[in-house]
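There are 2 protein chains.
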Amino acid sequence: MRIVHCFLVLMLSVSTITLSAQPQRGSRNQTPPPYVAPVYPDGTTATENNIPGYGYPRLDAQNRAYFSIEAPQVQKMVVDICNKKYDMNRDDKGVWTVTTDPLVVGFHYYFLEADGFRVSDPAVYTYFGCSRDASGIDVPEGAAGDYYSIRNVAHGQVRECVYYSEVSKKFRRIYVYTPAEYEKNISEKYPVLYLQHGMGEDQTGWSKQGRMQYIMDNLIAEKKAEPMIVVMESGDVEASFGPGSGSIEEYGAALTKIMINDLIPYIDNTFRTLTDRDHRAMAGLSWGGRQTFQTVLPNIDKFSYLGTFSGAIFGMDLKTAYNGVFNNPDEFNKKIHYFFMGMGSEENFGAERTVQQLNDMGINAVYYESEGTAHEWLTWRRCLKEFVPHLFKN
Amino acid sequence: MRIVHCFLVLMLSVSTITLSAQPQRGSRNQTPPPYVAPVYPDGTTATENNIPGYGYPRLDAQNRAYFSIEAPQVQKMVVDICNKKYDMNRDDKGVWTVTTDPLVVGFHYYFLEADGFRVSDPAVYTYFGCSRDASGIDVPEGAAGDYYSIRNVAHGQVRECVYYSEVSKKFRRIYVYTPAEYEKNISEKYPVLYLQHGMGEDQTGWSKQGRMQYIMDNLIAEKKAEPMIVVMESGDVEASFGPGSGSIEEYGAALTKIMINDLIPYIDNTFRTLTDRDHRAMAGLSWGGRQTFQTVLPNIDKFSYLGTFSGAIFGMDLKTAYNGVFNNPDEFNKKIHYFFMGMGSEENFGAERTVQQLNDMGINAVYYESEGTAHEWLTWRRCLKEFVPHLFKN
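First to last, the sequence lines map onto chains A and B.
For any residue, its number in the numbering used here is found by taking its place in the first sequence, counting from 1, and adding 2.
For any residue, its number in the numbering used here is found by taking its place in the second sequence, counting from 1, and adding 2.
Honestly, I wouldn't trust all of these hints.
Heads up, the list lumps identical chains together, so a pair's fine if it works in one copy or across two of them.
Straight-line C-alpha distance at most 27 Å; calculated DSS-like pairs for lysine-lysine [what the hints assert, rightly or not]:
(1) LYS171 with LYS95
(2) LYS191 with LYS337
(3) LYS95 with LYS78
(4) LYS172 with LYS226
(5) LYS336 with LYS304
(6) LYS172 with LYS225
(7) LYS186 with LYS172
(8) LYS171 with LYS336
It is worth saying that the hints were derived from the structure and are not from the lab.
Next comes chain A alone, as it looks inside the complex (with noise of 0.2 Å):
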């Protein structure tokens, strides 16, 4: 696919295209090359991550993906995908091109390496992830996917809202979801689920990567899921943790006090919400789990649901962690309604056994794993599925 030009050239094209409608005095008659449609390889189709006009990347039946992409003075072009990196192929016109081995079905980041120079490809939107706007491609499941995919039935609206944060003394910006009903229910208070991305990600991940309003908009259609409000911050994890971050304690740590202080009180203030800590709910993937440990473990108080998805739950002793707050299993298991740790079957975060010892220590927390996934954004959009159907129901 030629690489287009910014409008401004082609507003000019245009005009001349409107104005050679007339011949011109003096000029012989010349028609343009006629235009030739592309041919692609068979059995193949255009992911639903181009962008409109581009006919490059293409998935086929097995799931393999197939890139095209024109840079003659390119030495040497990469794709780096699902943990593997794959030369690309010149031909005499400098188009590269590459099919991959079969893909797992779900969301993956990709890279091109165009001489090592490691950029997002022009041809697909671009995901917030891996700390920079990162390439993505979806691999469809079929009906697998039916409960993220857009349906006939009852949509919500995800909400971009401005709050002031007195802690990080600026204005942040978050997503809030609220049900279709919201609109037309004026009377009615919502119960909230503050939800979480990982580290390098941020708060746009959850309704662009994770499709949550589609699997929140197709839950609550089914009656599977109480209508909820759903919160969506920053979390501040946006820059990877790395050289000059200060320590893996103080990382992303702030957003406890941020969501005590100021974004909840917001929340309560805007919204037509249920403020006592029966409905209130936090979950998180990867290190939005740890986050959501850190600020509901010791605000017990304030929440009554919390879940981890990949949680970045590492180096913990149980038996001390949050002041020994899993130490009374009683009293935690009457005040905790549902406590959920999934993972995906093909990555290891440890969450299998982290259920388990608390549940030898009495604790009722329940494991869920997500079969065939990795640390990837199909474990997360399955572990939201899975958790949101037993909040709220008491």
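Chain A is fixed; fit chain B onto it per the hints.
This is chain B only, laid out in the frame that chain A set:
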């Protein structure tokens, strides 16, 4: 800035860090090299578009942009910004740098060309324009830009909504701005502005590049504009017009039918709107200006305000256009309460001439010129600021 790897790699690093807090049997004590904070050129600051953690690009007080990009195997790196291509210089560590000329204030798309491959800069957020997720840089203009800054006023919300379009036989995603008071004033109804973007852009443009929500928040808080709902639809202009597009008359023209048949009914059924023609307006930039003409002028029974911002109004005979809609100026002026055509002083989209011709025909069209700006988003932020205070005040 070193390229940041996906969080999984970092998670492994983190767990290593956690484990290595305890000396391992048989290993020597090893401390990691001390962190050396980067040193930046005096008098420069990171742009507001930088992804957290990225120190470049930067701007100085003369609005020169400084780029620094590590790409040792690339042979030639270019920055294409503000209609100029800058060759970058590589040092012996493979870091490419360049400083631009002083840039005009406002938002500018830009590209890198790595060995001729036109890509987005990993260091900044992307903005959908030029038919792709493109890099952007905001050159601040101090207090003159206050009207589009996040200030200490009541904030509205930008809602992502889904509706089904019978005309295009698919679900469509739109953005709807509701003013701050909308949540609380539940018995109030509001007028609606339909606001379109340009060729190669999409429904995210006005709330990302355009900062329309902050412009509206500030104008409404200062009581310069009436509280109103603003609707932003794709309009199907993401792929720029080119070979294979069909005719120029068809390009983006389906928006009219989609709006009349599907979108306006959806908005009026979903939000608390005033549904009469005196409370419905439309405006658009560049090709969105053309779509505004195409939608409003044949449907004056449904709209009473229109605006074009650098509108793509080419090759039009005003005496015959839209069934001679301009030929009865008394009736037109009575029906259309405000007719605005704005443009930048540094571009030539013909708005001044068109307004003059309309005025000569007796039509009350108003011309606005943005001083010092071209076919770019600052022109359109200013146009919105000038246009909106004239709406819905009869």
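Hint-by-hint comparison with the structure:
1. LYS171 with LYS95: This pair counts as neither: shortest intra-copy Cα distance 54 Å, inter-copy 38 Å.
2. LYS191 with LYS337: within (22 Å within a copy, 43 Å between copies)
3. LYS95 with LYS78: both (15 Å within a copy, 20 Å between copies)
4. LYS172 with LYS226: between (38 Å within a copy, 26 Å between copies)
5. LYS336 with LYS304: For LYS336 and LYS304, the Cα distance is within 27 Å only inside one copy (14 Å; across copies 59 Å).
6. LYS172 with LYS225: Close across copies (25 Å), not inside one copy (39 Å); limit 27 Å.
7. LYS186 with LYS172: between (33 Å within a copy, 24 Å between copies)
8. LYS171 with LYS336: neither (37 Å within a copy, 50 Å between copies)
Comparing the model with each numbered hint stated earlier shows that hints 1 and 8 do not hold.
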